[in-house]
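Residue numbers (the working numbering), protein chains in the order written: chain A, 17 to 129; chain B, 380 to 489.
Hints may be right or wrong, so weigh each one.
[Unchecked claim] Some, not all, of what chain A presents toward chain B, calculated at C-beta under 7 Å:
no.: 1; residue: PHE28
no.: 2; residue: GLN33
no.: 3; residue: GLN57
no.: 4; residue: GLY58
no.: 5; residue: LEU59
no.: 6; residue: LEU61
no.: 7; residue: TYR64
no.: 8; residue: GLY116
no.: 9; residue: GLU117
[Claimed, not checked] Restraint ranges, calculated between C-beta atoms of paired labels, are given here:
no.: 10; chain 1: B; residue 1: GLU446; chain 2: A; residue 2: PHE28; range: 40 to 48 Å
no.: 11; chain 1: B; residue 1: ARG471; chain 2: A; residue 2: SER38; range: 43 to 51 Å
no.: 12; chain 1: A; residue 1: GLN33; chain 2: B; residue 2: LYS436; range: 25 to 33 Å
no.: 13; chain 1: B; residue 1: ARG484; chain 2: A; residue 2: LYS25; range: 30 to 38 Å
no.: 14; chain 1: B; residue 1: ASP441; chain 2: A; residue 2: GLY19; range: 28 to 36 Å
no.: 15; chain 1: A; residue 1: PRO24; chain 2: B; residue 2: PRO397; range: 29 to 37 Å
Treat the hints as calculated values from the structure; they're not laboratory data.
Using N, Cα and C, we set each Cβ at its ideal position, and we do this for glycine too.
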Amino acid sequence: DGGITQSPKYLFRKEGQNVTLSCEQNLNHDAMYWYRQDPGQGLRLIYYSQIVNDFQKGDIAEGYSVSREKKESFPLTVTSAQKNPTAFYLCASSILGGTGELFFGEGSRLTVL
Amino acid sequence: AQRVTQPEKLLSVFKGAPVELKCNYSYSGSPELFWYVQYSRQRLQLLLRHISRESIKGFTADLNKGETSFHLKKPFAQEEDSAMYYCALSVRDYGQNFVFGPGTRLSVLP
Chain A
17 DGGITQSPKY LFRKEGQNVT LSCEQNLNHD AMYWYRQDPG QGLRLIYYSQ IVNDFQKGDI
77 AEGYSVSREK KESFPLTVTS AQKNPTAFYL CASSILGGTG ELFFGEGSRL TVL
Chain B
380 AQRVTQPEKL LSVFKGAPVE LKCNYSYSGS PELFWYVQYS RQRLQLLLRH ISRESIKGFT
440 ADLNKGETSF HLKKPFAQEE DSAMYYCALS VRDYGQNFVF GPGTRLSVLP
């Protein structure tokens, strides 16, 4: 079954803890993205990666980190430095130089207690 | 800086009525625009892209560079059109990324 898989769907974290959200795709897409979705603010770009071992900061990268060691994987770490981490996180992928269509995962909801 | 605005947070129409979801953008480059839709309990998915000039599920959108707009239209709304709609702009900076608007929730009433 091709697509993007995000895990976990729901995650609770205590303040001061780092947490890593997983994103895996088997679409053979070069580009991968992390967005944060908040009510009334739409999707805001955290990080994106066009190729393995390379990634770029988006508009709200502070308090987040990523890695791209494999083409199919793009994990996001929400660090304790992120001031307001409770949110819904969406991972997406696309073909470089393609039509521009983004393929999204189902999302991960992080709640900081 | 690139930006996408959607002035309506919520739009309610009756079944069979025309619907127009507004989208405006600001971008210094050549714009590539998209509409994404999120139905209840489903993933965010592409509805249509301006370069295709296609009609999907009865929806159309025309890029108006003079007004920097990409409004989504449908002549006769159906209840199954109720969803969250996002307008998105493709930005070619380092590689390609996408800027999304805040979204409009469309509610089609019976």
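The hints, checked one at a time:
| no. | hint | verdict |
| --- | --- | --- |
| 1 | PHE28 | 21 Å, violated |
| 2 | GLN33 | 28 Å, violated |
| 3 | GLN57 | 6 Å, holds |
| 4 | GLY58 | 4 Å, holds |
| 5 | LEU59 | 4 Å, holds |
| 6 | LEU61 | 6 Å, holds |
| 7 | TYR64 | 5 Å, holds |
| 8 | GLY116 | 5 Å, holds |
| 9 | GLU117 | 5 Å, holds |
| 10 | B/GLU446 x A/PHE28: 40 to 48 Å | 46 Å, holds |
| 11 | B/ARG471 x A/SER38: 43 to 51 Å | 28 Å, violated |
| 12 | A/GLN33 x B/LYS436: 25 to 33 Å | 43 Å, violated |
| 13 | B/ARG484 x A/LYS25: 30 to 38 Å | 22 Å, violated |
| 14 | B/ASP441 x A/GLY19: 28 to 36 Å | 31 Å, holds |
| 15 | A/PRO24 x B/PRO397: 29 to 37 Å | 42 Å, violated |
Hints 1, 2, 11, 12, 13 and 15, counting from the list given before, are not met by this structure.
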